[in-house]
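> Top to bottom, those sequences are chains A and B. Number 1385 marks the last residue of the first sequence (our numbering); no jumps. Number 116 marks the last residue of the second sequence (our numbering); no jumps.
Read the hints as simulated data drawn from the structure, not as lab findings. Heads up, some of the hints might be wrong.
[Unchecked claim] Part of the chain B face toward chain A, derived, beta carbon under 7 Å:
| hint | residue |
| --- | --- |
| 1 | Y49 |
| 2 | G53 |
| 3 | F106 |
Don't be surprised by glycine CBs; every beta carbon is placed ideally from N, CA and C.
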Amino acid sequence: DTGVSQNPRHKITKRGQNVTFRCDPISEHNRLYWYRQTLGQGPEFLTYFQNEAQLEKSRLLSDRFSAERPKGSFSTLEIQRTEQGDSAMYLCASSSQLRRNTEAFFGQGTRLTVV
Amino acid sequence: DAKTTQPPSMDCAEGRAANLPCNHSTISGNEYVYWYRQIHSQGPQYIIHGLKNNETNEMASLIITEDRKSSTLILPHATLRDTAVYYCIVRVSPSNSGYALNFGKGTSLLVTP
């Protein structure tokens, strides 16, 4: 296992379309996080899963954003009716519950461009 | 989580030590100091973390003041590949958001030849 994998790496979509991103965490990691990063800013936390349970979703930016982790392994982040303001890098990270204060490992991100 | 303050940018000559400061004057006793960095177009990378003792690993050293209100990340021999944005994050472990990290804008470090 080589780390957190995100697909696609780049996505260009027309305004109003729906998009879905996938994240495959490190295999033994049961915690998974989604972040969004806009130009010149640090990553912004969106949501968090522990196994298949979504324990924090109040930071999702609007009801157009949703995330799932159905079997506690990979996760998807969906944006419905995309807007130009959704253009950003979407980052996924994972960590292990077995180690206290463990670091999170990040994927390379999916760069979304809404035209 | 406690708020952190970092300089927006710093320069360092290749081969010299890079000392990146971070102020976290409102840090609580159970909050850890984490450092991550982000090289252009990549995801953030963990560097080091600590509670109150100084820490060292293969990447860097973390010096935390006795009152824990500030810290310094030290890259002992900076290389061009260390050019990145460095984030200082203070985080309770755990919180309602699990281990979610509250990134600020960080310090953009430029290592020059």
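> Interface hint check: Y49(B), Cβ to nearest Cβ on chain A, cutoff 7 Å. Holds or violated?
holds, 4 Å
> If you take the shortest Cβ to Cβ gap from F106(B) to chain A, is it below 7 Å?
Check passed: Cβ of F106(B) comes within 3 Å of chain A, closer than 7 Å.
> Does the CB of G53(B) sit less than 7 Å away from some CB of chain A?
violated, 10 Å
Of the numbered hints given earlier, the model fails hint 2 alone.
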